[in-house]
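Model the full structure from these sequences, guided by the hints.
Top to bottom, those sequences are chains L and P. The numbering of the first sequence is this note's numbering, which starts it at 1 and goes up by one. The numbering of the second sequence is this note's numbering, which starts it at 1 and goes up by one.
Please note that the accuracy of each hint is not assured.
Since copy identity is lost for identical chains, a pair holds within one copy or between any two.
[To be verified] Straight-line C-alpha distance at most 25 Å; calculated BS3-like pairs for lysine-lysine: (1) Lys273 x Lys173; (2) Lys486 x Lys411; (3) Lys5 x Lys751; (4) Lys486 x Lys451; (5) Lys451 x Lys688; (6) Lys620 x Lys4; (7) Lys173 x Lys751; (8) Lys4 x Lys542; (9) Lys456 x Lys688; (10) Lys265 x Lys173; (11) Lys155 x Lys542; (12) Lys451 x Lys524; (13) Lys486 x Lys154; (14) Lys486 x Lys456; (15) Lys173 x Lys347; (16) Lys481 x Lys554.
Keep in mind the hints are simulated off the structure, nothing from the lab. Please read these numbers as outputs of a predicted model, since none were measured by experiment.
Number of protein chains: 2
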Amino acid sequence: MSLKKAILEKGLEALFSQATIGIEKEGQRIDLQGNISQTRHPKAFGSRTFHPYIQTDFAESQLELITPVCESSAEALRFLGAVHEVTLQQLPESELLWPFSVPALLPSEDTILEAQMADEDRHYREYLTEKYGKYKQMVSGIHYNFGLTTEFLKKLAEEGESLVDLRNRVYMKLARQFLRYQWLLVYLLGASPFAPDAYFRNGEVLSKPVRSLRASRFGYANAPEISVSFDSLDAYISDLRQLVDTGQLIAEKEFYESVRFRGAKTVRDFPTKGIQYLEFRLFDLNPFAPYGITAEDARFIHLFLMGLLWMEETPDYRVGFSLKEETALAHPLDSALDLAEAEQIFKILSEMAELLDLPDSDRELLATKCSQLRQPEKTVGGQLWQTCQDQESLLAVGLNLAKTYKSKVMKRPFGLQAYAQMELSTQAFLADAIQYGFQLEILDERDQFVKLTFGKHIEYVKNGNMTSQDSYISPLIMENKVVTKKILTQAGFAVPASIQVTSRFEAERSFGLVANRPIVIKPKSTNYGLGISIFEQGVNDKADYLEAIELALKEDSEVMIEDFLAGTEYRFFVLDGETKAVLLRVPANVTGDGVSTVSQLVAAKNDNLLRGDGKSTPLKQIELGALERLQLKAQSYTVDSVIPSGKMVYLRANSNISTGGDSIDMTDAVHPSYKDIAVAIASAIGAKVCGVDLIIPDISLPVDSNSQSYGIIEANFNPMMMMHIFPAVGQSHRLTTDVLKMLYPEYPWDKN
Amino acid sequence: MSLKKAILEKGLEALFSQATIGIEKEGQRIDLQGNISQTRHPKAFGSRTFHPYIQTDFAESQLELITPVCESSAEALRFLGAVHEVTLQQLPESELLWPFSVPALLPSEDTILEAQMADEDRHYREYLTEKYGKYKQMVSGIHYNFGLTTEFLKKLAEEGESLVDLRNRVYMKLARQFLRYQWLLVYLLGASPFAPDAYFRNGEVLSKPVRSLRASRFGYANAPEISVSFDSLDAYISDLRQLVDTGQLIAEKEFYESVRFRGAKTVRDFPTKGIQYLEFRLFDLNPFAPYGITAEDARFIHLFLMGLLWMEETPDYRVGFSLKEETALAHPLDSALDLAEAEQIFKILSEMAELLDLPDSDRELLATKCSQLRQPEKTVGGQLWQTCQDQESLLAVGLNLAKTYKSKVMKRPFGLQAYAQMELSTQAFLADAIQYGFQLEILDERDQFVKLTFGKHIEYVKNGNMTSQDSYISPLIMENKVVTKKILTQAGFAVPASIQVTSRFEAERSFGLVANRPIVIKPKSTNYGLGISIFEQGVNDKADYLEAIELALKEDSEVMIEDFLAGTEYRFFVLDGETKAVLLRVPANVTGDGVSTVSQLVAAKNDNLLRGDGKSTPLKQIELGALERLQLKAQSYTVDSVIPSGKMVYLRANSNISTGGDSIDMTDAVHPSYKDIAVAIASAIGAKVCGVDLIIPDISLPVDSNSQSYGIIEANFNPMMMMHIFPAVGQSHRLTTDVLKMLYPEYPWDKN
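Okay, structure coming up:
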């Protein structure tokens, strides 16, 4: 039974539409002039011995960026985007990623540093260099890994057919079909028109621009006499093994066909284990796509592969080899080679989209690609040819694109555009995990739930710092202010004395306990400061006191009467027994220059990458609304006032970052004894990760247990991290990395 | 400056009204006939080497129940109540607590077993037996510990006076004042009218009933020649040390005055350390109070002590000794000895209550006590005399009271009346903590937040099983059903396959994935079963499917389409790597007897201590409301139908315990392989305490990984415990103790 018929008869349309997809993308690091980078693989990317996402290919300069197995091409593209963002963020300032498959500038061969990997790999690379030269191996591309779901395959299996046999049958068909029709993908996606003269050796000549030098015999290809049959799996194995056994190939992996069977260490295992997925190695980098391939093209390749399975198999796949070569070597503005065949394929794809009930976006995508058959200038290669027709312009275009792609990422150094829907702190955490090479799975995007794996060690992380390292009870302690106070008081810390009352009557009876003391009266659960009264000079008048009680009772049924502490509030970020950062938050403000108005000063201050909506940016733009104007008025200013040079004007009474406040790093400014106190406080409530808010009158003086040198405001679980990582003023503290270090002490941190 | 003047001038009214109060209450274990129990101290009460609340006094049968230091007499009384409840719950069925100070039946002296304590203590007890005989030591009473707060004392201190000196000054005054006026307390609270003849030795004779034999020289008192001065702390120390040094007393603690200085190992330390609090040892057990003292009397003692401090000190405290003896030996129906003095005291107390702005309840309490000065029949001793005027009636009254007090507690074996406002599971947990001798502090009653201490090991527990043993992340995993499913699926467990959709359109596109499969369609966050549709036979009709989707989408923006599993749902309670209990919940039901109507069967079933409102009881009463009647109607019954013998009739469709359902323990009935699966599930999500809900078609068959022998419904954090501790049917599993064992592996559990 044909695959199409089986799908339709067994109702497997939806299952057939699912797939596992992974993408590998090679690309050269270059300097700002377009020269291949001579530097070593950046240490920031951790170790290549285990890094799942950031590797090197042939050359030390040739990054290979790898996605995990994803459930859709869109997911794979998204992850590829995240890996690119991290890579670009961590590249030295003087480096870019070259966006083309073929370098514009080739250094002399002896200066090309092969990837500095383990010994065995190096030996293999040296052999390849000897055989193919270094230049061909410098060419980069996209590898597209594609598998069908096991659930689909299980249901597809015919009576009596084993899953292994079915796998091999289906994937062999797909491989042959791909070889037969790959020319169409080369036509639509090929984008390597020429190479520097030095590239060619042994008298090779490429006299005119082509669609895909890389996909042609001028690419990194086996010698013409290397031939492996795809007629059957047995024939394939037999041919390939003979080439290896006779030494014509050093290993199976030296066979560079555009499709490769995956899922076993040697092809000899496929008859018993089954082919798990296919790797398609055909694709040139698309320089117009920031990550080398567009989401549309990734989806198109998926649809194309589905179509190859969907249609009846064409008798002789070998025809495809010459069609591919001819297409690869055609001029970028030549139309598709065999229009009739191409349009027939698109007809089948459209029919499939119809019968599988694929979304409209897929149908539109197919229509677009189909229209390019007669409009070569719309293909990637065609568009490229219109922009650059020689090495010089290609260098200029490539450098320009590379700079654009990098600067776009550097405008958001604090996040990952790929995961823009998640909280910034989780974005930063994900960026770290990718950078250092932790295997990553996002379990629930909305809920900021992430899974990390390093070796066999799995950790789950929510909201960036909620982890297995903390105990269940410690955030529950922090959630309850009364319990927190009791525990910290019993542990001997300076907790402002407080009493709780639930009625005016109770409050009246407690007046004697608080009379003449500086106190704060506040609802037990504080909400944006509502219902809070402060008696800094002590409460003397019972009527005033009771009025404040009534105000607080409007907000909560329980009211706290707490000793007021004079001083400034600081946030201590404690992690794993260490105060990692100390922060001061000050209200939204501008500092005058004697010339600019408040409006101008605010505009200038807001012109900062870190300031935005305060959710997708670490800091918030300062607004000039009613509250800010009122605050100005109280200081006898308007938005049009010119502020004297050096004078700071506050635009808000509250110091929240969310209303435009500044975060000021004070980690090195506070006396170390307060850091110890913060650590001890976290320890008393059993917290590994904890934000301790302390009131301190003078941070330059050490803690003095005999006087009120500090007071605890509260301890917070899941404390904010971004304000420490990207403070408005002062040094950054990469707390997300500290969380990773806490979770994975066995990771080779000292090697980064 | 007088204390009163200082309080008023310094505004210390409220601080003076605060105090630390602790109560110790002795009492004899007796058999059901009133004989002193001959059994050993019950093992259920843990070890006396460290038990903070349940100790023995002189005799092995003489329990000493101790409260921690509390912030009010009410709190102390409450804790004393809880300790009593636990004690009575754990006493053997054949034992009671004798409610009088003096036993009604005295065994022959040689059969009285001295408390089996550590060697040193035993030696001391043997010495006392030799000197005083055993009988006097069998007399029980209340010790009332009283301290002023440090904050009050600090503010009270006069210019240049150290806190230590102040402590000694204030407590010396209080001690002398107490000695001077204690006769009044003996009058109001004395309640030991006589003793069995055997009690008296060396020719002692008590010819008439008295107010307090215990407080008189016939009580457990020093010889008349033992005299210690209270004139000054130095004189006190000097006298007492001389008595010890000359061997007239074996140790300082052999000095049995009704007031004792506390807070140092030897009185010689007081001049440098200061007296910390006073212990008043005067009080007879009040047999009419279930715990030996009423809350009112405990409060009255506090007010009386405040009054003694408040008033000017009376010159010669020694006058008090004879007044006390005379009052103790007066007839229970004699009026107060010195009415003028007594009324003067009450006048001062009233004035104090006025000036301190004490609550109305205190003023009423003072008025009541004052009225008893001329109404001896209203005093405790007076009331007692009216009920029993000889040994025989005293035995009868005592036994009757003892049985009443015990049976009242045994009607609520599942909770602690003292903490009735807390959740039942926390009540059970507190009961265990008290029973086994963990130091206990309730940090937040409303929030079920408790602190435990054993040795130096502190643990915090919320809601009975939320502890430091669980990690922060595992409840967060369980809270997110999608994440839980992903993790358990990845770990290889049988999780029903599911997809999520957020729109009708998405659902329509997913129909192919679920068509013909038995499925459940439900909102992502299930609320009381709203919006759930089950297609047990598989969903065939797309329209039906979409209707179910629409229904679910009304409840949540995300809808889960999940494989339906046939079978019965069981709750597995996993703790610390072990399935501790397995439970089946069945809908509210009755089983016919061929005679009774449904109404009668329900009434009979509801007549069970465990059934009540379902909050203060482990099970809920079955109601006969509209839903139950409808359910009956569906089975062609009414509430008046007589149900055939042995036939079970369900009154509800849902199996919730909260609607009258039965909890049936199945721990021994399920095949052990499911218990292992539940443990492995908890382990996969890193949970120490976890309620795993499994659907199992046949619990007698072992888990079979090749077939659907089980399916995971969900994993729950903070799982319910009461339904396992007090199931409707089957064996109880004391999970609260298991939580304690998990938290404190170092506790000598095997010795209980």
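Each hint tested on the structure:
1. Lys273 x Lys173: Within one copy only: 17 Å inside a chain, 93 Å across chains, cut-off 25 Å.
2. Lys486 x Lys411: neither (46 Å within a copy, 35 Å between copies)
3. Lys5 x Lys751: neither (56 Å within a copy, 73 Å between copies)
4. Lys486 x Lys451: between (36 Å within a copy, 10 Å between copies)
5. Lys451 x Lys688: Intra 19 Å, inter 20 Å, cutoff 25 Å: intra and inter.
6. Lys620 x Lys4: neither (55 Å within a copy, 58 Å between copies)
7. Lys173 x Lys751: Close neither inside one copy (46 Å) nor across copies (72 Å); limit 25 Å.
8. Lys4 x Lys542: between (86 Å within a copy, 23 Å between copies)
9. Lys456 x Lys688: Both: 23 Å inside a copy, 21 Å across copies.
10. Lys265 x Lys173: within (21 Å within a copy, 92 Å between copies)
11. Lys155 x Lys542: For Lys155 and Lys542, the Cα distance is within 25 Å only across copies (21 Å; inside one copy 80 Å).
12. Lys451 x Lys524: So Lys451 and Lys524 pass the 25 Å test across copies only (21 Å; inside, 36 Å).
13. Lys486 x Lys154: between (60 Å within a copy, 21 Å between copies)
14. Lys486 x Lys456: The answer is between: 17 Å across copies meets 25 Å, while 41 Å in one copy does not.
15. Lys173 x Lys347: Only inside one copy: Lys173 and Lys347 sit 20 Å apart there, 107 Å across copies, limit 25 Å.
16. Lys481 x Lys554: This pair counts as within: shortest intra-copy Cα distance 19 Å, inter-copy 37 Å.
Checked against the numbered hints above, the structure breaks hints 2, 3, 6, 7 and satisfies the rest.
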